[in-house]
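K.L.:
Here's the letter readout for the chains.
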Amino acid sequence: MRRLCNTYKSFLKAGIQSGMAYRVNFICFFIGESLYCIVMYFIWKAVFMSSGNGNFMGFNMVDITLYVFLSNLVGFLTSTDSTSSLALEIKDGSIIMRMIKPVNLNLSLLAFELGDKVMVITCTFIPVMIGVEIYRYITLGYIAFNIINFLLFIISVIFSYLIAFYLNLLFGYLAFFLMNIWGFNMLKGSLIKFFSGAIIPIAFFPEKIRVVFEQLPFASLVYTPTMVYMGKYSNNELLFVFAKQIVWLIVFILICRMVWYLAQKRLSSQGG
Amino acid sequence: MIKVQNVSKEFKKVVKESGLKGSVKSLFSRKYDIVKAVNDISFTVAKGEILGFIGANGAGKSTTIKMLTGILTPTKGEIEINGQIPYKNRKKYVREIGVVFGQRTQLWWDLPLTETFTVLKEIYQVDDARFKKQMDFFNEVLELKDFVKSPVRTLSLGQRMRADLAASMLHSPKVLFLDEPTIGLDVVVKSNIREAITKINQEEQTTIILTTHDLKDIETLCKRIIMIDKGTLIYDGSLLDMKNKFGKFREINLSLQNNSDINMLRFKEDLNLNSDDFQIKSNKEKITVIFNSQKIGVSDMLSYILTHTNIADISVNDVNIEEIVRRMYK
Ligand SMILES: Nc1ncnc2c1ncn2[C@@H]1O[C@H](COP(=O)(O)OP(=O)(O)OP(=O)(O)O)[C@@H](O)[C@H]1O
Ligand SMILES: [Mg+2]
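Chains as they are written, first to last, in our numbering: chain A, 313 to 584; chain B, 590 to 919.
These aren't lab readings, by the way, just hints derived from the structure by calculation. One thing to keep in mind: the hints can contain errors.
What the hints assert, rightly or not - Using 25 Å as the maximum straight-line C-alpha spacing, the simulated DSS-like pairs for lysine-lysine come out as follows:
#1 Lys413(A) - Lys680(B)
#2 Lys592(B) - Lys763(B)
#3 Lys601(B) - Lys665(B)
#4 Lys734(B) - Lys325(A)
#5 Lys413(A) - Lys677(B)
#6 Lys738(B) - Lys325(A)
#7 Lys325(A) - Lys722(B)
#8 Lys321(A) - Lys413(A)
#9 Lys325(A) - Lys721(B)
#10 Lys620(B) - Lys403(A)
#11 Lys577(A) - Lys681(B)
#12 Lys680(B) - Lys592(B)
#13 Lys738(B) - Lys413(A)
#14 Lys403(A) - Lys625(B)
#15 Lys721(B) - Lys321(A)
#16 Lys721(B) - Lys413(A)
To be verified - For each label pair, taking beta carbons as the anchor points, the in silico distance ranges come out as:
#17 Met332(A) - Gln594(B): 48 to 58 Å
#18 Ile328(A) - Asp725(B): 22 to 32 Å
#19 Lys592(B) - Trp494(A): 42 to 52 Å
#20 Gly666(B) - Ile521(A): 51 to 61 Å
#21 Lys321(A) - Lys734(B): 20 to 30 Å
#22 Asn728(B) - Asn318(A): 22 to 32 Å
#23 Gln883(B) - Leu419(A): 54 to 64 Å
#24 Tyr621(B) - Ile343(A): 47 to 57 Å
#25 Thr787(B) - Ile343(A): 54 to 64 Å
#26 Lys321(A) - Lys819(B): 42 to 52 Å
#27 Glu445(A) - Asn728(B): 46 to 56 Å
#28 Ile328(A) - Thr877(B): 55 to 65 Å
#29 Lys819(B) - Lys577(A): 21 to 31 Å
What the hints assert, rightly or not - To list a few chain A residues with every Cβ distance to chain B over 10 Å, as calculated:
#30 Phe371
#31 Val430
#32 Ile460
#33 Leu464
#34 Gly501
No experiment lies behind these values; they were computed from the predicted model shown. Every residue gets a Cβ at the ideal spot worked out from N, C-alpha and C, and that includes glycine.
Start from the sequences, fold in the hints, and give me the full structure.
P.N.:
Okay, structure coming up:
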């Protein structure tokens, strides 16, 4: 176990170094995301102004502002390149360089990506969190920060990231079976954006649709952690949403293993 | 040590029909072509041996290496290396081998070379003392010092190849597979790599299997070669035997002042050579004469050509491997 940790820790460290190599990318990305949040904020503001009483499906203006910034933060923290990094390795055949090493393919990709993101995460997470709390303090007049919600939020984000990672990996494995996964990748992106609550909070959908959406794995990606932070769940609901996250994570890990097994057979009969 | 028995490898290739109609059709029913990349090959390798694989492009060398390293599963036949079956329990098996694919790299593109070594150290659990010893050894034979701090993407091909070789050796594998380790390198780096391979083989009794298109590699490194052509093993033995068996062919490249002079070269009539013993190839710029130097000495051949033609330029070379393969196959 210790040995195993050291192995993947080295991937993590390598990832950190590699992440440092692309600082400029990150800055551009950060500016883009911030602009997106501000646009979303004004759109929702317009919606709320026109609805009159300033309350919509249990959300007030402060809630929705919080939601816009938090959901974007979560979306960002849990974003993953696993589809493209895996697909690229499959396409150019460099995946064989991973196969000649005594490591688990999925775990080594995961460890490396985590390392790659460490800097980016610290550079966004802390400022956005502080910003959100300052906003709440100014508009509400009291400190609304809740340490328990915050800790639960962190746990939930970790689960979301892992689910996102394995879900995306699954799309990456498609490259073994399809010549070009570009189209699928686009489709996946929009599906996740829509079903995860990154654009519209799932709570805003009509009851029947909402119940369905909440059971899908996508809700676990963005909606769940955001709502956890905002304290929108009762204790029972909390148990339920965490259980769902764990179940989906296990499901995706298992599917990924199975697909990798099939992919190896495929590689063997048809080549890369 | 290494036992390969009646191994074959077939690939299924999807046949694409052309045009839109073809693409739509292929969605529903796919036609496959079977490509026989390796065909019923058997051989064994003893511990500490260096074995060279040669053969023309597409002969099946890389495919064989991929099967030996557990990346591909043979369609038929058995492989046993160190008592293990490569494609079963691959993760355990690859601990004991080192692999270099000359056309690819196992180094981390964006990171300094040292970082790759650190990761490998952890993966293979090389302890500190051993790690230091290995690195010193690599510095000595491969001269990595000058560039270990540079990101891999900034390395030259020769530097990268040396680093790749070191990376494959860090954990002192029992068997080393090198698929074209000298591809694209200049003469100096090539000989540097050859020296390193020799030292590695001597120091650690590492069994080495390598493929190459460079006859020099084979001559300096391998006592034994295996030649494959179109997936079939056509020769297994020493290089010396092969040369003796198939004649010591030499190659003279010349350009003539007057191209019609080529008709003046009548080896059969003037020199009593059989048609098996020589061959003339010509194109616009140059003429290549390949001949058996055991039947006619190089100096005799040269003076014959010089007296019968007006040459602009001339050079004598060893015949390349492809030519030998071609001749053997005849
Ligand atoms: N993944 C694959 N799918 C289909 N056919 C393949 C695949 N890999 C190799 N082949 C075919 O198998 C044959 C042998 O290829 P291989 O790469 O082993 O040749 P090689 O001896 O290494 O040649 P080279 O000297 O050019 O590297 C070729 O005809 C090639 O087209
Ligand atoms: Mg090859």
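K.L.:
Return the numbers of the hints above that this structure violates; sort them in rising order.
P.N.:
none
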